[in-house]
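There are 2 protein chains.
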Amino acid sequence: MLGLMQNWPLTVDRILTHAKTWHGGREIVTRSVEGAVVRTTYTELHERALKLTNALVALGIEPGDRVATLAWNTARHMEAWCAVMGMGAVCHTLNPRLFIEQLRYIINHAQDRIIFTDLSFLPTLAKLRGKIPSIEHVVVLTDRAHMADVAFDGALCFEDLVEQHPADALWGGFDENTAAGLCYTSGTTGDPKGVLYSHRSNVLHALLTLQADVMGLSARDVVLPIVPMFHSNAWGLTLSAPAVGAKLVMPGAKMDGASIYELIETEGVTFAAAVPTVWERLLDHLRATGARPTSLKRVLSGGAPTPEALVRAFQDELDVTVSQGWGMTEMSPLGTVSASTPEADALPPDARLRELLKQGRVPFGVEMKLTDEAGAPLAHDGRTFGHLKVRGPAIAREYFKGRGGDILDADGFLDTGDVATIDPLGFMQITDRAKDLIKSGGEWISSIEIEDLVDGHPKVALAAVIGVPDPKWEERPLLIVKLRAGEHATREEVLGFLEGKIARWWIPDEVLFVDEIRLGATGKIDKKRLRELYGSSAQGSARPLRSPTP
Amino acid sequence: MLGLMQNWPLTVDRILTHAKTWHGGREIVTRSVEGAVVRTTYTELHERALKLTNALVALGIEPGDRVATLAWNTARHMEAWCAVMGMGAVCHTLNPRLFIEQLRYIINHAQDRIIFTDLSFLPTLAKLRGKIPSIEHVVVLTDRAHMADVAFDGALCFEDLVEQHPADALWGGFDENTAAGLCYTSGTTGDPKGVLYSHRSNVLHALLTLQADVMGLSARDVVLPIVPMFHSNAWGLTLSAPAVGAKLVMPGAKMDGASIYELIETEGVTFAAAVPTVWERLLDHLRATGARPTSLKRVLSGGAPTPEALVRAFQDELDVTVSQGWGMTEMSPLGTVSASTPEADALPPDARLRELLKQGRVPFGVEMKLTDEAGAPLAHDGRTFGHLKVRGPAIAREYFKGRGGDILDADGFLDTGDVATIDPLGFMQITDRAKDLIKSGGEWISSIEIEDLVDGHPKVALAAVIGVPDPKWEERPLLIVKLRAGEHATREEVLGFLEGKIARWWIPDEVLFVDEIRLGATGKIDKKRLRELYGSSAQGSARPLRSPTP
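Residue numbers (our numbering), protein chains in the order written: chain A, 215 to 764; chain B, 215 to 764.
Keep in mind that the hints were calculated from the coordinates and are not lab data.
One should not assume that every hint holds.
Below are the SDA-like pairs computed for lysine to any residue, each with C-alpha atoms no more than 20 Å apart in a straight line [claimed, not checked]:
1. B:K511 - A:P556
2. B:K583 - A:P556
3. A:K583 - B:T257
4. A:K511 - B:P556
5. B:K653 - B:T598
6. A:K583 - B:G239
7. B:K583 - A:N221
8. B:K583 - A:P223
9. B:K511 - A:R434
10. A:K583 - B:T235
11. A:K583 - B:T231
12. A:K583 - B:N221
13. B:K715 - B:D669
14. A:K583 - B:P223
Label pairs and their calculated CB-CB ranges [claimed, not checked]:
15. B:G239 - A:D666: 27 to 33 Å
16. B:E377 - A:L622: 54 to 60 Å
17. A:K615 - B:D623: 41 to 47 Å
18. B:D586 - A:E377: 56 to 62 Å
19. A:L216 - B:E377: 32 to 38 Å
20. B:E531 - A:A624: 57 to 63 Å
21. A:R318 - B:P591: 47 to 53 Å
22. A:L622 - B:R253: 35 to 41 Å
23. B:P591 - A:R358: 35 to 41 Å
24. A:L216 - B:K686: 51 to 57 Å
25. B:G589 - A:L216: 24 to 30 Å
26. B:D586 - A:P337: 54 to 60 Å
27. B:L216 - A:A250: 38 to 44 Å
All values reported here derive from a predicted model rather than from experimental measurement.
No residue lacks a Cβ here, since even glycine has one placed at the ideal position from N, Cα and C.
With the sequences and hints as input, model every part of the structure.
Printed below as a string of structure tokens:
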């Protein structure tokens, strides 16, 4: 027997209409790419996006067509999203940090028909000219005045498109499973693969993030998404904020400490989201200037582990709570958040902080399991490494056009590719990417754990650990270190720093000092490249200095 | 084009499994009907409910069958809900405050096959014996020891059913639109009508309530649903609390001030929900004893307007925030909550409080509009009365078995039967039930507004206003007053109290002092009965004392 409740498809346009109707005057403030801080509202966003939908239709875009964006976080970028999704076309966010060749591959694979872009990315698009034949139009997210400087044949002006059309477009009215967004994961092996979000997954994801132990946003919050819209949908904030009517502050291209601090103070930001390096830079700026944020209450930090010193500094010096988050493009991206629990609150302060420094706990709507190689469940004891698998309504079931084949297990769980532990309080900690784990003497060594420790050495700028072949132990860890400018250090000095902090057989046998460790487009160490360069190093024949059995 | 996200049906069992898996040790504390305070956990709830599902299957229950409950808020009652919904049967909550004849009608209309009931309601069921032929089994929510006192032939013992079956039942796996719950509205006209909730509507409703500006519950909250599970699903708390892993405290049959206060203090309750009379009684108790709640932060008050004095007393004397809520059985029941906004916060304190005393604002997931008789939208100016209509994924589209016919307008909105205003800040205020409004000289008079004022008179225990026929003005308001015990008052005294507080033509012409004003099963004034008794009173020929034109 079916229930008798209303048929109300979960489509993204409903969030925008809610924001317009009940929070219409609430501002969206943007540090524009052109320079000025500009202000709009949810009412204006709604109206302008409706006009833009009509413009897209006039340009021949139909439901299901892919429309790309290559842009910073701005109100215009949001308007493009809303216009595309509202009409049932697919908004494809491009990561400008990708290499040209990757962008070319992705645009061609997605068969994007239009690209919305900022002035700052026109040189990138110029390099792609002639290589992305599906693109019919480039729309520059600017006004007529700034188009004068644009030396890009045939480029259209965003403000012209908005002005030339009426706001009478109709949004929604289709199946809630209709595709809404597309984002490619830049995976370190193989070609990038596209995650095709649906309206349903986007709306449910917004609701999942709104739980108090995730983001807990209110109409009284002022939200600053520093994490880019091309990085896993700005962690969903461009929908979560309008769903509750929170004021939005968009940082545009400037993510340095001074610019971010200025926005926080002048706009009264209460909640912000970014990767740890952004918080490091903000902290550096605040320490250098003696300035203190007055409105900021909580920041969400994700994309990489957040150092303990940073969390303590925010808490102790700024009275700002840092919540860890973990997720994936395939998860929309919400996975876990390190919200406390009564059990964690009952621990002594240092033990509590150790819990909160883990990647966190799953909210309702994300299922998570830890398994061995055969798929059997493993203990949540905080020590046992296992493959981390996830299931939920905002998690991918396959990649665009079938890339990568069947990616779910028999129970419908997606293998995250991460190896992790889950402790008795339910806090998950990423141990490593499965492919970056080092298997030594039949046991696993976490490259991340060693890297995090070495990164804490005052002379070290960046550390990376890869496995190198070993005739006796199968693999042994090799430590690759880039020192801070002007510093010198010896192998013994660096390895000695690890003594007593990890099991002796985890300590690498050799240290390679290098001038540069290349990062991928998402800011993570490119281990594939390190393995190519150093994976069959001279160490192959060296004996481990210590026994790999505990 | 459809998205490629996982198929994860929104079924209620997923909430229970989440609570068990990630908050398994969190307690559910019950003041049992038998007397003792008993403790269980989400893990035990899950396991016992699975066993009970097997027991239901053994008793012949199949998906789609209706299983009724006539019970107070207890962990056993929750276990019954979970067992029934988890297997795809329909949990039908019966309101024990209904008259026997109404219960008979409802049970027969629903064709319930089993009734779960508390010891305290066996006398009620005894009166129904022989009149509810669809009922095959009565299950008493108690243990074997207490069954000894049960003089009800054939009654089954709940604990026996749980003990006799294994916990290997399978839940879910069906269409998310499958019926999950059934609740009849006790409407003041016509026969009761059943609202048939679906799994999807229940899960979405839980997510909607979890928004910060609605309930904002956390795993660190301790939640006390005083509002009964038979009263619009305890406002959804029996699903919202496990979804976030909040500790639950169930008050059983005792809702007096002393009992509630004791539970709040001994269990550390942070959030509680009830109708205003419960809060009045709690306040009376606290004032009488000088006791103060130490853990309580926020209460949700709904089902009737909450008096200003109560809100002020909770804030000033107890440091507890009272949020108004408004909803309907047809809305699962979430409609509005009086959460503040930046605009309301900017008002002077008294003006801000006046906003927060209204029924509140809609969260995302509830659409609301105000229309005239013809369905045209009316201004949100805080003055214009209009018919209040609602749309959303947790709102009924029709009643069980088609009762009441087509209930949606052309745009799919349900007419709430209420007349309301919406102000420029988006706060909605119920003016009256449409059928209780008084039409005088072509203008509307709100019976509720006059009642609320008169209820504030120190000598008045309860006031009711109904329209009586008037040859000149069509209708005029008649004020019916029950005085507090031992008090005396004159017509002039009561009417004089209204001078200056409402438009002169709203002031009733006559006052009827009565010994009793009967309340319906949901605690509201039975105006249908008042109209039968007094609606064609002697006043019919009396001239209004004041001109009805403003």
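Now for the hints, and whether the structure bears them out:
With a C-alpha separation of about 16 Å, the suggested pair K511 of chain B and P556 of chain A falls inside the 20 Å cut-off, and the hint holds. Simply put, K583 of chain B and P556 of chain A have alpha-carbon atoms about 41 Å apart, too far for the 20 Å limit, and the pair is violated. A hinted pair counts as satisfied when its Cα atoms are at most 20 Å apart, and K583 of chain A with T257 of chain B qualifies at roughly 17 Å. Using a Cα cut-off of 20 Å, the hinted pair K511 of chain A and P556 of chain B holds, with the two alpha carbons roughly 16 Å apart.
Of the pairs offered as hints, the one joining K653 of chain B and T598 of chain B holds, with about 15 Å between alpha carbons and a cut-off of 20 Å not exceeded. At roughly 18 Å between alpha-carbon atoms, K583 of chain A and G239 of chain B fall within 20 Å of each other, so this suggested pair holds. Pair hint K583 of chain B plus N221 of chain A holds up; C-alpha atoms about 18 Å apart against a cutoff of 20 Å. Taking the CA atoms of K583 of chain B and P223 of chain A, the gap is about 19 Å. The hint holds against a cut of 20 Å.
Note on K511 of chain B and R434 of chain A: the hinted pairing holds, with a Cα-Cα distance of about 19 Å set against a maximum of 20 Å. Simply put, K583 of chain A and T235 of chain B have alpha-carbon atoms about 10 Å apart, close enough for the 20 Å limit, and the pair holds. For the proposed pair K583 of chain A and T231 of chain B, the alpha carbon gap of about 13 Å is at most 20 Å, so the pair holds. Restraint check for K583 of chain A and N221 of chain B: satisfied, since their Cα atoms lie roughly 18 Å apart, inside the 20 Å limit.
Straight-line distance between C-alpha atoms of K715 of chain B and D669 of chain B comes to about 13 Å, which keeps the hinted pair within the 20 Å bound. For a cut-off of 20 Å, the pair hint linking K583 of chain A to P223 of chain B stands: about 19 Å separates their Cα positions. Range check, G239 of chain B to D666 of chain A: Cβ separation about 30 Å, and the 27 to 33 Å hint holds. Evaluation of the 54 to 60 Å hint for E377 of chain B and L622 of chain A yields a failure: the beta carbon distance comes to about 38 Å.
Range check, K615 of chain A to D623 of chain B: about 43 Å between beta-carbon atoms, so the 41 to 47 Å window is met. Checked against the hint of 56 to 62 Å, the C-beta distance between D586 of chain B and E377 of chain A comes to roughly 35 Å, which is inconsistent with it. Checking the proposed 32 to 38 Å range against L216 of chain A and E377 of chain B shows it holds: the Cβ atoms sit about 34 Å from each other. Between E531 of chain B and A624 of chain A the C-beta distance comes to about 59 Å, which sits within the given range of 57 to 63 Å.
At about 50 Å, the beta-carbon gap between R318 of chain A and P591 of chain B stays in the expected band of 47 to 53 Å. Checked against the given bound of 35 to 41 Å, the beta carbons of L622 of chain A and R253 of chain B, roughly 39 Å apart, stay inside it. Taking 35 to 41 Å as the suggested C-beta distance range, the pair P591 of chain B and R358 of chain A conforms, at roughly 36 Å. For L216 of chain A paired with K686 of chain B, a C-beta distance near 53 Å keeps the hint of 51 to 57 Å intact.
Separation of G589 of chain B from L216 of chain A is about 28 Å and conforms to the stated range, judged on CB atoms against 24 to 30 Å. Between D586 of chain B and P337 of chain A the C-beta distance comes to about 57 Å, which sits within the given range of 54 to 60 Å. The given range of 38 to 44 Å is respected by L216 of chain B and A250 of chain A, whose C-beta atoms sit roughly 41 Å from each other.
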